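Turn these sequences into a full structure, and let the hints guide you.
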Amino acid sequence: MPLSEVMSLTKQSSHLFTFCTSRPFLCIATKWTSTANSETALDRTKLCLVLLSGVGLTSSIWTPVVDRLYGIQAHPSSGQILGSVWAIERPSHGDSGVLNEAAFSGCDGVSPSSEYAAALAGFMGSHLLTEAERSNVAVISHSAGVAALVHALSQYKMRCRIRCLVLIEPTTFDECDLAVFKKWVQRVERFFSRKKTSWASVEQALSSNKSWNRFHKEVRDIIARTFFRPISGGVTTKTSAAQEIAALREVALGVAVGRDLAAIISQIHTHVIYGSRRDYWPKILDDAFLRCIQKYRPLLASVTPIQGEGHFAPQEAPRIIAASIYKNLVSEFSHGSNVTCKL
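Residue numbers (the UniProt record's numbering): 1 to 343.
Treat the hints with care, since some could be wrong.
[Claimed, not checked] Cross-link-like lysine-lysine pairs, in silico, DSSO-like; alpha carbons within 27 Å at most:
hint: 1; residue 1: Lys-295; residue 2: Lys-210
hint: 2; residue 1: Lys-283; residue 2: Lys-195
hint: 3; residue 1: Lys-183; residue 2: Lys-31
[To be verified] Distance windows between CB atoms, simulated:
hint: 4; residue 1: Ser-211; residue 2: Ser-14; range: 22 to 28 Å
hint: 5; residue 1: Ile-231; residue 2: Ser-77; range: 46 to 52 Å
hint: 6; residue 1: Arg-187; residue 2: Thr-130; range: 42 to 48 Å
hint: 7; residue 1: Thr-130; residue 2: Ala-323; range: 40 to 46 Å
hint: 8; residue 1: Leu-99; residue 2: Thr-304; range: 34 to 40 Å
hint: 9; residue 1: Glu-101; residue 2: His-15; range: 36 to 42 Å
hint: 10; residue 1: Ala-323; residue 2: Leu-99; range: 47 to 53 Å
What the hints contain is simulated information worked out from the structure, not anything from laboratory work.
Fair warning: this is a prediction, and the values are worked out from it, not measured in the lab.
Beta carbons: idealized from backbone N, C-alpha and C, even for Gly.
Here it is as structure tokens:
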């Protein structure tokens, strides 16, 4: 199916909700639905997907993956399983971060710990979801978004029925490896504190980021349109370096420890997707991650290595990731799974 037809299969809208930790915060949720059938969000047999992002990433760059999910569903041989798709913005990132700048000023200017988890719980109980959506949820989480997901499932009671989880390149290690992970986070913090935060133009900003240079063209186009705001003499990112550092510290404090993950995956069908190109963490952490996945493999519904892709597979290969996600979701139906967890 041509890309233009794939993109025409979805309609996108943004919605605002509030949640509270130490004070009220605003958060943006992006929603995608089918242009062919606007009533699918009211169908209890269809899944409501909820997407969570890693540090430095925003909800809008899930769009190429979502477009391809609906493209797969449009094929006559595919199961019709998607009702709606939502992506929850990290409260300190992107446009949500801009909206919360005044609130952050009372928190030493940075997002307090565990806010993303609180935002997820707040969204699940918000007016934005229909009862049909709330009754059949699948959460898709990438990278450090998994730490927030584990925290939310462990600490909050959410008014929803979760059918399954799909964890993409999850930040998860056993407790014995946490000291190494935290040292790595400290090194990344130092890098973030020194990195350039303003440029003469968006084009210059894009070319300066090696990770972005590997991203799919559609993702880079979204970054160019949505990541920046004007300042005197050029542009800067809407998400400040201080907020990225704060989010990293949150991950270091709330990393998905294996035992916590085990408690969740024993209740909810959980699929793991990871890239075979180990290009993000140092080897000692890559080995720790793979050991953790292998240790808990008997509890997982599936483990899918994506050949040739790395940590940022959703941003680099949206078609491949969409196909892997859809396969996982279809398996929940084809196996007749009724394993869900009300949280």
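If I claimed the Cβ atoms of Leu-99 and Thr-304 lie 34 to 40 Å apart, would that claim hold in this structure? For Thr-304 against Leu-99, whose Cβ atoms are near 36 Å apart, the range 34 to 40 Å holds.
With respect to the beta-carbon atoms only, verify the hint that Ser-211 and Ser-14 lie 22 to 28 Å apart. Given range 22 to 28 Å: holds, Cβ gap about 25 Å.
Using the beta carbons of Ile-231 and Ser-77, state whether their distance is inside 46 to 52 Å or not. holds (50 Å)
Are Lys-283 and Lys-195 close enough, with their CA atoms no more than 27 Å apart? Given pair Lys-283, Lys-195 holds - Cα atoms ~24 Å apart, limit 27 Å.
Between Arg-187 and Thr-130, does the beta-carbon spacing fit 42 to 48 Å? Cβ of Arg-187 to Cβ of Thr-130: about 45 Å, so the range 42 to 48 Å holds.
Go ahead and decide if the range 47 to 53 Å is satisfied by the Cβ distance of Ala-323 to Leu-99. violated (34 Å)
Lys-295 paired with Lys-210 [C-alpha distance capped at 27 Å]: violated (33 Å)
Is it true that the C-beta distance of Thr-130 to Ala-323 lies inside 40 to 46 Å, as the hint says? violated (28 Å)
Between the beta carbons of Glu-101 and His-15, is the distance compatible with 36 to 42 Å? Check failed, 20 Å falls outside 36 to 42 Å.
Between the alpha carbons of Lys-183 and Lys-31, is the straight-line distance 27 Å or under? Roughly 37 Å between the alpha carbons, so the hint for Lys-183 and Lys-31 is violated.
Comparing the model with each earlier hint shows violations of hints 1, 3, 7, 9, 10; every other hint is respected.
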